[in-house]
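Q: Sequence:
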Amino acid sequence: MGAALIPLLACGSAQANDDFFEISLFELQDIPVEVASLFEDSTLDVASSTASISRSEWQNRGAVSLGQALEGVPSVFTNTVWGGSEAIAIRGFATELSVRGVAHSLDGIPLGSYTYASPSYLLPRAPLNLLNQVEMIRGPGSTLYGNDAFHGVISMELFNRAHNTGEVIVQAGDPGSYEVTAVNSYNNNKWHVHTGGSLQSEGGHDLAFTYTDPYTPNTIGTSSREQGFENASAFLKATYGKVSGKRGKFAFTAFHNDFSANEFQGVGTQFFSRIPLSFDVESTSIAGGQDVSDSENSLSLLGFSHEILLKNDLQLKNHAYHWQSQQEWAFDNSNYPDTITTLSNITIPCKADQNDGNSNPLYCSHTLYQGTEETRKGFKTQLKQAENRFNTQWVIGAGYDEIEITEGRFERINEQGITSQLATSPYIGSKRELGHILLQARTGISNDQLLVTYGARWDYYSDVKNHISPRLGLVYKTNHALTQKLLFGHAYRAPTALEKFGSGSVLGDENLKPETIETYEFINIYRQPNYEIEAVIFYSEWDNAISLVEVSTVQNQYKNNNYNESKGLELSLRSQLNHTTINSQLSYTESENKTDGIDYVAFPEWTGSVNIEHPITQETLKVGMWQRVMLNYHLNDTNTDNDEKSYHRTDLYLNWRMNARFSLTANIQNVFDKENTLPSYYGSEGGLLDYGRIIKASIHYKL
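The working numbering puts the first residue of the sequence shown at 1, with every later residue one more than the last.
Hints listed in this document are in silico derivations from the structure and should not be mistaken for laboratory results.
Yeah, the Cβ is synthetic: ideal placement off N, Cα and C, and Gly gets one too.
Treat the hints with caution; some may be incorrect.
Stated by the list, open to error - Just the calculated beta-carbon pair ranges, DEER-fashion:
id	residue 1	residue 2	range
1	Val671	Lys594	38 to 46 Å
2	Glu415	Pro470	49 to 57 Å
3	Ser273	Val671	15 to 23 Å
4	Ala208	Thr339	28 to 36 Å
5	Lys594	Leu199	32 to 40 Å
Input sequences plus hints: build the corresponding full structure.
A: As structure tokens, then:
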């Protein structure tokens with residue numbers, strides 16, 4: 001949402017009681033952010049485009065996923081993909097690979113994987129009500145976070161409070177959803193222990209879709225996807241001591257998540273565009289009415305850190321971590337034909353025996369199972385100094401990570417339960433070793449009227465070339481009201497194991513080069529006591545982009561073949577007048593594959609949102625309205641569909657604080673029950689129908 005909107009959205013973490021009714025806009029103006037700096041910088045000083053969303057903000061709006069929580073951030077578009085995971089596209093570039101290139105971390109632990117480079121597969125639905133806040137960088141973040149921080153960074157912080165408190169949340173809604181969450185913070189002089197658990201279930205939404213029958217002329221079929229999931233999470237985090245104490249502060253984090261989903265989007269037509277060149281079919285919607293996918297995911301992680309204040313205001317922090325994950329998807333291909341006819345009128349029958357050489361997925365009904373398991377362990381150390389006689393904050397850091405893929409399979413099982421194709425993934429046992437050294441600094445000139453942020457990070461990769469990511473930012477405070485920023489950022493993304501080695505009918509390329517992106521930003525922030533306006537102009541160049549290229553009728557291969565550009569404008573406004581707060585943003589984005597002359601039409605040209613909150617009674621009752629708008633986008637990620645779409649959704653919510661302990665929130669999402677349709681990154685005909693009207697109510701009880 002940009003620096004201009006961070007303070008209002010961060011109201012849940014602004015002070016210990018995080019009470020909406022007791023926090024003014026003026027008090028919120030200088031809340032620090034950490035995602036774009038290794039210090040706690042104010043939103044005016046930080047040399048990045050950032051956003052911060054608190055638990056109170058997503059709870060008021062009834063958001064149940066990270067994508068919904070990010071709807072108010074300019075130039076960000078989130079869509080659902082296989083198995084209920086979410087793809088986050090930033091400043092254009094919306095494709096099936098949007099699941100990659102956005103770094104995620106949980107309490108400082110990186111969630112980047114080697115198999116897919118997609119943290120959204122590791123944690124498909126982040127348990128929002130177990131989190132304190134979510135911070136985000138729009139744009140390159142490799143200088144701070146390395147390989148995965150290509151298009152952006154998302155940092156999630158688990159629940160914690162500085163005073164003894166607890167909270168129980170019970171939520172229910174239609175259709176068939178519920179959530180039960182409990183969190184608690186215990187604090188004394190030295191110990192701070194925070195715990196939480198959450199069980200979430202989304203019932204079946206039965207979202208309709210249509211398709212052209214591949215085998216019957218002039219026939220349009222109809223079907224639906226249930227789109228339900230269950231999500232169970234728990235965590236424990238504890239700290240002992242203080243950074244300024246004799247022994248410093250020790251911290252421990254443990255987190256576990258289990259996620260299962262059923263009947264989300266399947267493979268669509270993604271891999272089948274060349275089928276009509278060889279086979280006699282009416283359309284490439286081969287899965288027909290069974291174009292669905294299920295998933296099973298789990299993630300377990302541990303982290304341990306120690307932080308201590310040394311002489312001369314030097315602060316040393318060491319952080320070690322380990323996690324392991326499992327992901328499996330099931331694709332229902334039961335509508336695949338028993339026979340298929342070529343254009344030369346040769347009929348090929350289905351053969352179930354995998355030993356007869358017939359492993360072509362275009363015929364024989366079956367279920368496809370694909371999965372992977374991997375582990376990651378790492379250690380990083382940082383030494384920083386916040387104050388010195390040179391008026392320069394600086395950080396020196398180094399680290400080492402090791403990611404290993406321990407399991408992986410690709411299996412087709414026919415309706416008789418016989419395996420027709422079984423292959424272990426070619427990247428099983430693959431290991432990636434990573435090392436890095438970083439230097440970041442910020443120098444204040446003329447009593448901090450000019451702040452110069454600069455730095456670089458060197459990354460070692462065991463399987464690709466080493467890389468250096470530089471960063472430069474100039475922040476100039478023209479006067480007490482106007483701040484201007486001129487920023488440059490560079491990022492890169494090394495190819496994943498899947499992109500290097502392939503899987504199933506998708507071929508890899510072991511000679512792939514890392515992708516690189518460079519972004520330039522000019523930011524103006526105008527601040528007054530009762531309102532703030534931010535304007536951002538950005539331009540990005542993305543080189544050596546990795547994409548899927550057709551190489552045969554049924555095979556695709558990952559190649560470096562694209563040069564891309566993106567540019568746009570982002571406007572944000574927040575104000576507070578007579579206790580009414582208005583939070584709004586509007587962004588315009590153009591992005592293009594310059595190599596092939598193709599626009600990224602699945603990303604909306606215009607995105608906007610308006611959030612208005614008004615306390616009916618200053619102490620107990622407030623009402624809010626949320627409006628989401630997206631204009632000029634297409635229902636797939638190519639420019640073959642000329643029918644531009646728009647998206648309009650209105651939500652209403654009411655928050656009633658009954659007493660010091662109890663509060664009740666009621667939500668109506670999509671009040672007017674509009675049939676909005678979103679793009680399908682995998683080429684499902686007619687895109688993906690979004691949710692209709694949803695009614696929810698939740699009770700919050702503070703212990």
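Q: None of the hints should be skipped; say for each whether it holds.
A: Results of checking the hints against the structure:
no.	hint	result
1	Val671 - Lys594: 38 to 46 Å	holds (41 Å)
2	Glu415 - Pro470: 49 to 57 Å	holds (56 Å)
3	Ser273 - Val671: 15 to 23 Å	violated (39 Å)
4	Ala208 - Thr339: 28 to 36 Å	holds (29 Å)
5	Lys594 - Leu199: 32 to 40 Å	violated (47 Å)
Hint violations for this structure: numbers 3, 5, all remaining hints satisfied.
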